[in-house]
Amino acid sequence: MRYIEPHGHMVSRTTDDYLDMVTAGCAAVCEPAFWAGFDRGTASGFRDYFAQLTEHEPKRAARYGLPHFCWLCINPKESEDVGLARDVIATIPEFLSRPTVLGIGEIGLNKNSKNELRVLEMHVDLAARHDQLILVHTPHLEDKLKGTRLILDVLRADSRIKPGRVLIDHVEEHTVRAVLDRGHWAGMTLYPISKCTPARAVDILDVNGTERLWMNSACDWGESVPLAVPRTALEMRRRGWSASAIDRVVYQNPVRFLSQCPNFRLPADA
Amino acid sequence: MTRAQVLDLYFMDARCKLIEIAAYLDRLDRATGEADFRAQAFRDALRHLASDGAGRAAEVLRSLSDPTDQPVDKAPGKGAVGAWPG
Ligand SMILES: [Zn+2]
Chain A
1 MRYIEPHGHM VSRTTDDYLD MVTAGCAAVC EPAFWAGFDR GTASGFRDYF
51 AQLTEHEPKR AARYGLPHFC WLCINPKESE DVGLARDVIA TIPEFLSRPT
101 VLGIGEIGLN KNSKNELRVL EMHVDLAARH DQLILVHTPH LEDKLKGTRL
151 ILDVLRADSR IKPGRVLIDH VEEHTVRAVL DRGHWAGMTL YPISKCTPAR
201 AVDILDVNGT ERLWMNSACD WGESVPLAVP RTALEMRRRG WSASAIDRVV
251 YQNPVRFLSQ CPNFRLPADA
Chain B
1001 MTRAQVLDLY FMDARCKLIE IAAYLDRLDR ATGEADFRAQ AFRDALRHLA
1051 SDGAGRAAEV LRSLSDPTDQ PVDKAPGKGA VGAWPG
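So the sequence lines, in the order shown, correspond to chains A and B.
Once you know that position 79 of the first sequence is 79 in this note's numbering, the rest is easy, because the numbers rise by one and skip nothing.
To get this note's numbering, take the position in the second sequence, counting from 1, and add 1000.
The set of hints was computed from the structure by calculation and includes no laboratory data.
The beta carbon of each residue, even a glycine, is placed where N, CA and C say it ideally should be.
It cannot be assumed that every hint is accurate.
[What the hints assert, rightly or not] Listed below are the simulated DSS-like cross-link pairs for lysine-lysine, each with C-alpha atoms no more than 30 Å apart in a straight line: (1) B:Lys1078 / A:Lys114; (2) B:Lys1074 / A:Lys114; (3) A:Lys162 / A:Lys114.
[Unchecked claim] Label-pair distances were calculated between CB atoms; the ranges are: (4) B:Asp1013 / A:Arg129: 42 to 50 Å; (5) A:Arg60 / B:Gln1070: 23 to 31 Å; (6) B:Ala1050 / A:Leu234: 28 to 36 Å; (7) B:Pro1067 / A:Arg129: 32 to 40 Å.
[What the hints assert, rightly or not] Derived coverage of chain A by chain B (criterion: at least 3 residues anywhere in the stretch with Cβ under 8 Å from a Cβ of chain B; other residues may be distant): (8) 46 to 54; (9) 128 to 142; (10) 146 to 156; (11) 165 to 171; (12) 196 to 205.
The shape of chain B in the complex, shown without the other chains (with noise of 0.2 Å):
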């Protein structure tokens, strides 16, 4: 595709979200309580989109992940949160 086309089958939708974002950010300001390591997380991984060069996405999906490499004793329960606690 060229770039004019991405543009014209994505731009709004990336526009959309990107607001999301910054009202999501603005959002978690206002609100009270403690600190959490998910909104940490997501600041960290906010870094990569300004990164030049492909990879985005990996390095953001990357950033969210448990970077361990070993088992755990035991599960601890069965969900996910969408990043790691450390």
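Isolated chain A (complex conformation) (with noise of 0.2 Å):
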């Protein structure tokens, strides 16, 4: 089996979770500009993270063969500090040209507050500006619906925006139809807990089909899983989903929304 991961914060796992998803098939994974679990206070400490996304990771995954790629912005749960966001936004277009970089990403809400909007219309005039696509976060648990809301309104009012090159993340039973309906891409992440879980997730697929569908496991520093999208297939076959058609999902949707990049290329026997 091959699948793509295409959210996964790699700076904060081992070498041990790339050899798992190497072994498991994993043929790219794609790793969206996060919160590190505490906040950053300066643009420069951003400019490092941005550094480690476009130099260093990519090296470590290539030890096992993965090719490595990033999305660059500040995090919605950074953006209540408008002035940071600002300078922080200010460094990126330096970063833009780097050989892996897909777009901006993951921005989006995170409890819904004024200054997060700002901010996120200030990134989606940086990717109108620039040509870039987009990777959204919508908030969590209570706050989901509400902000995804928010976040369809500012992307339509952008007559730049082209809905096909946006893809909003964390989708649930609630808001996936939602999103689809405004004709973005739509990721289902595959969490423990909260989020979806592996059978939530091929329900979803059930109901509203597999096209503009990816699944994730945006593995990071708190409970996540890094194989969470091969369980997810298993499940799939579990169901009765033939191979090619667990393919579609796993592996040629994401390939198909983050090929708009050029800078997305893998290589020719994956």
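Combine both chains into one complex, guided by the hints.
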């Protein structure tokens, strides 16, 4: 089996995880910029993080033969400080020409505040000016429904944004339809407690079809499972999905969305 | 999938979770202290399990969600607790 991990925070994971992912058939991993679990205090702290994502982590993954790509932004959890966000966003363009950068992400909202919305609009503007793909994080738990609606409105308000170049992540049963109906791609995150379980993710595919949907582990420094995508592929197999239908969801769909960025290239035999 | 296939794959798992919920409610009843919006939100969401028709998961998620539509003035910290305090 082959699959893409479209959302993994690998700087927080061990090399054992890389080994397990490649053994399970991972053909590429994509790493969105994320919150470190504490607030970075300065724009130069982010510059170092962007260097880690674009220089160091691809080398670490390459030791296991795994192509590594990344998304850049200041995470919504750190967007309450608009001044810092403005400084960080100003540093991003110098990294956009690096060969493994896929676009702007994961941007979005966390607690649905006015400052978070302003920073989201600044990121959307950055993506539009530089013709970048967008990866959107939707809020957690009780904040997700409202946050998803606010995010969809921000995206619709910017006429430069093409819906098919935006993936909205962490959808669940109550948000997936609104995302797909606006023409965006939707990501399902497979977490042990919050977000989707493998069984519910396959339910969402059963109900909504496989068009413009992908699955990811969003593995990071918290409770998460780096092999969640191949385990969900196993769940699909138990439920009678054919190997080619599984391949469409776990490999071909991410390739289709990500290939809109010219930097996303896989070795020919992947 | 047929009903029998769904039952074969998921009945025992769902049964386990059902008993866990029952035991959790018993545990909560035995406990002391103030009432909490999370406990009430959980009881409200439980009502959707008994409804007929599709979309129970979406209804439970909606019932645990913030129903308002305006951004808040300032983020009250970073975390979420799983139910809307109102
Ligand atoms: Zn993430």
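Quiz item: Can you name, in rising order, the numbers of the hints this structure does not satisfy?
Solution: Violated hints (numbers, rising): 5, 8, 11; every other hint is consistent with the structure.
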